[in-house]
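Novice: Chains as they are written, first to last, in my numbering: chain A, 1 to 376; chain B, 1 to 376.
Careful, some of the hints might be misleading.
It does not matter which identical chain is used: a pair holds within one copy or between any two.
Calculated pairs, DSBU-like style, for lysine-lysine (alpha carbon to alpha carbon, straight line, at most 30 Å) [as the list claims (entries may be wrong)]:
1) Lys147 to Lys130
2) Lys333 to Lys130
3) Lys147 to Lys333
4) Lys326 to Lys25
5) Lys326 to Lys147
6) Lys25 to Lys333
7) Lys326 to Lys130
Because the hints were derived from the structure by calculation, they are not lab data.
Each chain, letter by letter, is given below.
2 protein chains.
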Amino acid sequence: MIVGIVGGGQLARMLALAGCPLGLKFIFLDPDPEACAAPLGQHLRGRYDDWALLARLAREVDVATYEFENVPEESIGVLSELVAVHPNANVLAVARDRLREKALFRELAVPTPRFAAVHTRADLERAVAKIGLPAVLKKRTLGYDGKGQAVLRSAGDFDAGWARLGGARSILERFVPFDREVSLIAVRGGNGEILFYPLAENTHRDGVLRFSVSRPGDPMQALAEDYARRLLDTLDYVGVFALELFQVGETLLANEMAPRVHNSGHWTIEGAETSQFENHLRAVLGWPLGPTTARGYAAMVNFIGVEPDAAQVLAIPGVHLHAYGKAARQGRKLGHATLRAENARALHAGLDRLLALASPVKEAHDHRDSTESRVA
Amino acid sequence: MIVGIVGGGQLARMLALAGCPLGLKFIFLDPDPEACAAPLGQHLRGRYDDWALLARLAREVDVATYEFENVPEESIGVLSELVAVHPNANVLAVARDRLREKALFRELAVPTPRFAAVHTRADLERAVAKIGLPAVLKKRTLGYDGKGQAVLRSAGDFDAGWARLGGARSILERFVPFDREVSLIAVRGGNGEILFYPLAENTHRDGVLRFSVSRPGDPMQALAEDYARRLLDTLDYVGVFALELFQVGETLLANEMAPRVHNSGHWTIEGAETSQFENHLRAVLGWPLGPTTARGYAAMVNFIGVEPDAAQVLAIPGVHLHAYGKAARQGRKLGHATLRAENARALHAGLDRLLALASPVKEAHDHRDSTESRVA
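In isolation and in its complexed conformation, chain A is listed as follows:
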């Protein structure tokens, strides 16, 4: 079987590494000549809206998927007419648009921070009047890792914020002083079966995920699953799905969803019986899903901008290294490491060491009781 992936970055790379033992072959569509998944399959180099290339991809694969949501929805629409694509084109259309996404949350009674559409400069005052300050102005589409966002704390910030987003169609969201951020990774099979991984607790900095800690048995698990299930069934979703949530007291507010394998689920490669990558492939192929149960305790630390020395990383017992084979560049995700341990104490001892290696600049990492607030 040949799987086509729109996008050839580290998520596609890890999908291919999971799929190779399953006997799968891969074709990646990616404009980047150095796409880091390319050595693991065939690389169709070109734009995501190159219809001829999309048609070629469709001809050569048994099923197609995409590794991120910032693909033109028309591309996935075209592809879907030629070959089976999972998750479906409608999922992508919703997930790549923060306003449609939030509207779906509301429609399904999944709580979210207050929000309002902002399509013109004049909308901004009306939106602020409706939802209050502080708030975060975000582009409806194509934002990621904190890009395309502006925090508004007072009326004095409005002009600069609007200018920063370049007048793009936007959404204003009430800033939430959350207790913690968690994410739920789920997988829905071709037959509608849904499995959930344990919640991960996430710590961001500058809008980018720094580390995640898996939380098997978390008291918020059932509520998060309930919300995710509504979304998955409504969207007739097939594949792996991520739902990011803010916890405020005993409530969970949905921040965003991702129609793909997710950075906060990388710990599942070693920390769960079946990784999110393998389960995504099993789902899109219509194969049975694998168990999502945790194996002990796990955490994941991103390597951003700098890759620590491999031998130093591997000297920490229970650490598993994942280098993406990408050239170093400031702010770029170059790799991650998973730490697995049999108990929470061993996990946190190792995590201290791993975080120190991952961050060239020394700083406090309060991962035992993460209460950091962020602009999400």
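Could you slot chain B onto chain A? The hints should help.
Specialist: Using the frame of chain A, we list chain B on its own:
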């Protein structure tokens, strides 16, 4: 870092799959145009004794290793003069020659079945007089998976046995009616550190390994480790090492050693904290070794000649599929599956199902109390 591997079969393929996340690249030297590791790196296609190709391999890699012992020892000797090779050339010279191997066992007081050299037809009677019958006549070199062997039960078998081996320099070994066969996978780092995986209990049929069950906490573990340690230290070994042993009562008799990752250690990919493949790479690179502790219970079943349907295999909870991407051919190892479970009962329930899928011909699989005798 670039790792050169002499051989491009499934062992090289699984080494590459383990090394890719470590940021390693691979070059394989293999005459087979369809070498199944090739898609995961660069393929130098040519004979193992092509000196020009060996020199090119040496130039292009940081360190070299080999995936099997049936490489000419001169090739590894030549390679060793140009680049670091682990395990060292002397290890290969010993491991590829059953007589030198057995002599080393004896020298280190590691018990073995009785044996004698048979270099001429006349030697055969003398050897039988010395060690008794039944016995197994084996070629000293280039035998594997039961090939190049003949069982001698009476004097009437001598001529046919000698003819079957084509008059090659051979070794006669007393046939051992063992209680079970176990193997110990060890890894020795560049600094001399040695770690051991839990023993695996192996079941062969027609000289080929069919399935292995990991046995954490086995009462014979310490004795097996003692024997392996003598060999590893004496050989100044670096890398993963396998020692196959017959258990007879409370004694262990060394059958053979393999200077490489081993089929009976494939379960470590999911069943141990660090796989044998990753640890082999960490050792040959001089990096710290990873923990070899078991994660629950694991078993491995080979797919020989026929690959069962992937979806059927994956429907068994806790099964992990490894297809090698090889064309089907009678008697060929095409893949394996690992089964992982939290307790022995769940393991054996899954193993029954997996064995039924792996063997198109129905047969009894007594894996709970393996007492099958074999010509080893």
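Novice: With reference to the structure, classify each hint as holding or not holding.
Specialist: Now the hints, each set against the structure:
For the homomeric pair Lys147 and Lys130, the shortest alpha-carbon distance inside one copy (24 Å) is at most 30 Å, but the shortest distance between copies (80 Å) is not. Proximity of Lys333 to Lys130 under the C-alpha cut-off of 30 Å is found in neither arrangement, the shortest distances being 37 Å within a copy and 67 Å between copies. With identical chains, the CA atoms of Lys147 and Lys333 are at most 30 Å apart within one copy only, with a shortest distance of 15 Å there and 50 Å across copies. For a Cα distance limit of 30 Å, the shortest separation of Lys326 from Lys25 qualifies both inside one copy, at 22 Å, and across copies, at 13 Å.
For the identical chains of this complex, Lys326 and Lys147 are intra-copy neighbours only, at 21 Å inside a copy versus 45 Å across copies, given an alpha-carbon limit of 30 Å. In the homo-oligomer, the alpha carbons of Lys25 and Lys333 lie at most 30 Å apart both inside one protomer (25 Å) and across protomers (20 Å), since each shortest distance falls under that limit. For a Cα distance limit of 30 Å, the shortest separation of Lys326 from Lys130 qualifies neither inside one copy, at 44 Å, nor across copies, at 63 Å.
Hint check: violations occur at hints 2 and 7; the rest are consistent with the structure.
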